[in-house]
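In the order they appear, the protein sequences are chains A and B.
If you read the first sequence in this note's numbering, its first letter stands for residue 1, the second for the next number, and so on.
If you read the second sequence in this note's numbering, its first letter stands for residue 1, the second for the next number, and so on.
Just so you know, these hints were derived from the structure itself, not from any lab.
Source: prediction; values computed, not measured.
Keep in mind that a hint or two might mislead.
Since copy identity is lost for identical chains, a pair holds within one copy or between any two.
Stated by the list, open to error - Here are the simulated PhoX-like cross-link-like pairs (lysine-lysine), alpha carbons at most 25 Å apart as the crow flies:
no., residue 1, residue 2
1, Lys227, Lys326
2, Lys307, Lys39
3, Lys152, Lys76
4, Lys105, Lys227
5, Lys227, Lys307
6, Lys262, Lys76
2 protein chains.
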Amino acid sequence: MPEANEQFNLSCPIPISDYPNILLAHGGGGKLMHQLLEKLILPSFDNAQLESRHDGAVFDIGGQRIAFTTDSYVVKPLFFPGGDIGALAVNGTVNDLAMCGARPKYMSAGLIIEEGLPVETLWRILKTMKQAANSAGISLVTGDTKVVERGKGDGIFINTAGIGLIEHDLDIRPVSVRPGDVVILSGDIGRHGMAIMASRENLSFQSKIESDCAALNSVVQNLLDEKIQIHCLRDLTRGGLATSLIEIAETSGADIVIDETKIPVRQDVAAACEILGFDPLYVANEGRFICFIPQQYMARTVEVIDKHATDTKSAAIGRVESVTTKQNGLVSMITRIGSTRLIDMLSGEQLPRIC
Amino acid sequence: MPEANEQFNLSCPIPISDYPNILLAHGGGGKLMHQLLEKLILPSFDNAQLESRHDGAVFDIGGQRIAFTTDSYVVKPLFFPGGDIGALAVNGTVNDLAMCGARPKYMSAGLIIEEGLPVETLWRILKTMKQAANSAGISLVTGDTKVVERGKGDGIFINTAGIGLIEHDLDIRPVSVRPGDVVILSGDIGRHGMAIMASRENLSFQSKIESDCAALNSVVQNLLDEKIQIHCLRDLTRGGLATSLIEIAETSGADIVIDETKIPVRQDVAAACEILGFDPLYVANEGRFICFIPQQYMARTVEVIDKHATDTKSAAIGRVESVTTKQNGLVSMITRIGSTRLIDMLSGEQLPRIC
């Protein structure tokens, strides 16, 4: 295979002298991860699907459009206020499918268990996985279990992959974003990361902060049922709201302006962020998303999203100023004091292993 | 949710006093793993797909039958004679799809990387993944990368999930096995496990044993093109030939008799097994499979399989004596000396982390 040998003779595309070894920050959703993906991983599998930089791949099977997605979960600790790794592993994949505008249908689960994990712990995790799957209407149809020696894993890692059906004609993805689109944020941000942080460091804040971990398929389905012309959806996981906006701006060429005063952050979350030195814009969420829609759907979108939330309200936080496909778009924020701040990716991440 | 609460009040179905913690053997493909799957994991997600105990789930999308499968790879060392974790992760999922009689089409990859892995190592693994994917004609369309702290992983773990198209009317799975079916073994057994063992322990045998790691989709496609009425296929990975036969016997109720003298084991592999105290029947393979077919297709099947192999030959190693769906079937072997030996699952596995 001359082609294969040729590939092997190419040198490694990331300058090895800069970062010869993988750092935690390479998994953090920030610049280093971005570089690893863009320079090493995506070019290794160069194809149109990966090029779309979407939460999942979209393709046709038997004339039916489907979405296909995967994520591994390495959250620490395994149980945290508002959820556990099992709920996260199911909801995360359900949400990635929902962000493709797909109805979650089938999923797989791959368990990598560290020797010594109490069987009772595994059982509790399986139970929450089943509850989350039932609740989202997705069937776990295939799986795999591996065990690694003590000290070669960390309790349990879970990979899930999901298949969802796209039952409408919209083309929901970053490149569908248009000038004038309104950015709707589905609720307050920063809860998941702060809940993990609090439980990891055994901190007790005045009020207990619970993760926002939740399945988003029913609210997305409701938006679709209401014929809202969604251009793009993105859940705000690793890297938070800021990173999601930057990724969409870079992929679509959209210049996005957001208004800091419109972004809901609960007071206890804001206080915890301040104490610990985190910026809520970059803190991970597991039940929040942004939605890019034409202006005329704004009121209806907010109304639909708010029907699904009991303890938070959605908000129009910004708009797409312009779109040029010739270069990466920029994200800027009008701050509380009226100045404009350019929103950039963090180098690594504020919190490793939050999902 | 009263139903959910009720589930939570049930006690853990594996007697916690016997095995309160996960052991390495729970991942080994033997009795303990079987117990974990049958008593804890499968009941947690009770559904018809998982009940079929197949290498993958089979269902319809848009009128097209598809197979969906997942596996995580934790092989140690990452590079071994005849392959590496990248080739294994692609071929393993390609093979699980092929064993469902499906043409591999799309796959996902989830990487869990330990902090400190050389970027160059990651790059080499990605390159072999791409080569293996290209060679099997499967597209890697979606992925995920996580990084865990040093000492919380082991270099890299890879999960792959795959989607394949079933483009024929056969119902290839354990319950399709019929009395009189011939069992064809596609080649010599035991190479992968012994190659891993040799490289792990730094043993040097007289001749270098290389893993049989290979994609099986083209040979299966060829069998289908030849209109061979395949009843069941199974690749001989964790737990080897013996465990695969037992799993099929248990799921289908088939009593299977095999002939030890017909099972090809290379002399160097047999010698290595003897020195190290392993039984080749239980040693993992990554490019071998068994095929259950009606007697009249025997010669043609052997001919087709042998066209695809350069260094081994297939063999008819046994037959299905009877099938009763009322109870688990048994696997017995006529030994070299003419006695009959009942083939049972090992408790754990001979070799942990071979895939």
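Each hint, compared with the structure:
1. In this assembly of identical chains, lysine 227 and lysine 326 lie within 25 Å of each other by CA distance neither inside one copy nor across copies; the values are 31 Å within and 52 Å between.
2. Taking CA atoms no more than 25 Å apart as the test, lysine 307 paired with lysine 39 passes in neither setting, with 42 Å inside one copy and 40 Å between copies.
3. In this homomeric assembly, lysine 152 and lysine 76 come within 25 Å of each other (Cα to Cα) both inside a single copy, at 15 Å, and across copies, at 11 Å.
4. Proximity of lysine 105 to lysine 227 under the C-alpha cut-off of 25 Å is restricted to the intra-copy arrangement: shortest distance 21 Å within a copy versus 32 Å between copies.
5. When the C-alpha separation of lysine 227 and lysine 307 is checked against a cutoff of 25 Å, the pair qualifies only within one copy, where the shortest distance is 16 Å, while the shortest distance between copies is 55 Å.
6. Taking identical chains as interchangeable, the C-alpha atoms of lysine 262 and lysine 76 are never at most 25 Å apart, the minima being 31 Å within one chain and 51 Å between chains.
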